[in-house]
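Numbering (my numbering), first residue to last: 1 to 269.
One or more hints might be untrue.
Said to hold, decoys possible - Computed Cβ-Cβ distance ranges for the label pairs, DEER-style: (1) A189 - H146: 26 to 34 Å; (2) T145 - S67: 32 to 40 Å; (3) G175 - L253: 38 to 46 Å; (4) L56 - E148: 37 to 45 Å; (5) G141 - A120: 43 to 51 Å; (6) V231 - S67: 26 to 34 Å; (7) D167 - E112: 16 to 24 Å; (8) D197 - E233: 24 to 32 Å; (9) R118 - P61: 16 to 24 Å; (10) P61 - A189: 40 to 48 Å; (11) L253 - H174: 32 to 40 Å; (12) P60 - A152: 41 to 49 Å; (13) D251 - A123: 24 to 32 Å; (14) I66 - R232: 18 to 26 Å.
Calculated directly from the structure, the hints in this document are not laboratory data. The model shown is predicted, which means the values in this text are computed figures rather than measured ones. Backbone N, C-alpha and C define an ideal beta-carbon position, used for all residues, glycine too.
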Amino acid sequence: MKEHAYPAADPTSTEGKLWLVGAGPGDPDLLTLRAARLLESADLVVHDGLVGDGVLALIPPDVERISVAKQRSRHTMKQELINELLVREARAGKQVVRLKGGDPFIFGRGGEELDAAREAGVACEVVPGITAAAGCAAQAGLPLTHREDASAVSFVAGQCKDLTDQDWSGLAGHGRTLVIYMGLATASAIADKLIADGVSPDLPVAVIERGTTADARVLRTLLTDLGDLVVRERVASPALIIVGKVAARADALDCLGAPGVAEQIRGFS
């Protein structure tokens, strides 16, 4: 069988190129070999704030790096300016790696950056990464699908504008798993929304904080307790919320044992 050689950035090339590279969920051991090779040979790395420190440590000291970290309602650089930066540097002949937490095409705006490169006539290639849902669930021993519990899984962003107007019908409930990215700040509203749409209040929920890292924390409760759990346990970003029967299978701290919670919630099994 012929072996396929995936090209790294060519430092001798006079033609620039943009690489949209997934950094995975945090653990540098989960970075793909292709991504690691690109980091070693890039001229410039433009990275997100969600890229793990261990991954950033793999960038050689002589490689220029620019952070475009984003936080809720506060951006170091607006997306339009990031697009302009990537295009400008690639047009200048640089091998540009746009390093994004998780996978570039799962809530990473990679599609927008690819569109900008195409419109500008800049060569662009996408290197996939392990998205947070897969990486964090694996560390927690939580199967996103299971023959007994779930045959479908959906990913949604929890910080969407006008959350109550979003149509999530059918995404959570019997036989389904719902994975919510960026949902900490709206956890209470998310629980209320799902319950109002008919999802059982006692559906298991897992919250995975800093997934795949050495200080990861996995908490489990019921949907009706989700908002209170986030406050009570002082859960901090980055964190993932997984709603569904499979969440009961997670290796997690059972937060139904928190003072007063078990008495308020009945029927968990």
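_Cβ distance range 24 to 32 Å for D251 and A123, holds or violated_ = violated, 44 Å
| said: Range first: 26 to 34 Å. Now tell me if the beta carbons of V231 and S67 are that far apart. | reply: Holds, since V231 and S67 (Cβ atoms, about 30 Å apart) stay within the stated range.
### Task
Starting from the hint 37 to 45 Å, judge whether the C-beta atoms of L56 and E148 obey it.
For L56 and E148 the Cβ distance comes to about 40 Å; the hint holds.
- R118 versus P61 beta-carbon gap, inside 16 to 24 Å or not: Because 32 Å falls outside the window, the suggested range is violated.
* Between L253 and H174, does the C-beta distance stay in 32 to 40 Å? -> The hinted range 32 to 40 Å is violated for L253 and H174, with Cβ atoms some 26 Å apart.
**Asked** Does the Cβ pair P60, A152 satisfy 41 to 49 Å?
**Response** holds, 43 Å
- Task: Confirm or reject the claim that T145 and S67 have a C-beta distance inside 32 to 40 Å.
- Result: Since T145 and S67 have Cβ atoms about 36 Å apart, the given range 32 to 40 Å holds.
message: Taking the Cβ atom of A189 and the Cβ atom of H146, is their distance within the range 26 to 34 Å?
response: holds, 28 Å
Q.
Range first: 16 to 24 Å. Now tell me if the beta carbons of D167 and E112 are that far apart.
A. With Cβ atoms ~22 Å apart, the hint holds.
Exercise for review: Using the Cβ atoms, figure out if G175 sits within 38 to 46 Å of L253.
Suggested key: violated, 26 Å
> CB of I66 to CB of R232, is that within 18 to 26 Å?
Replying inline: violated, 38 Å
Given a hinted range of 24 to 32 Å, is it respected by the beta-carbon distance of D197 and E233? Holds, at about 25 Å.
When held up to the earlier numbered hints, the structure conflicts with 3, 9, 11, 13, 14 and fits the remainder.
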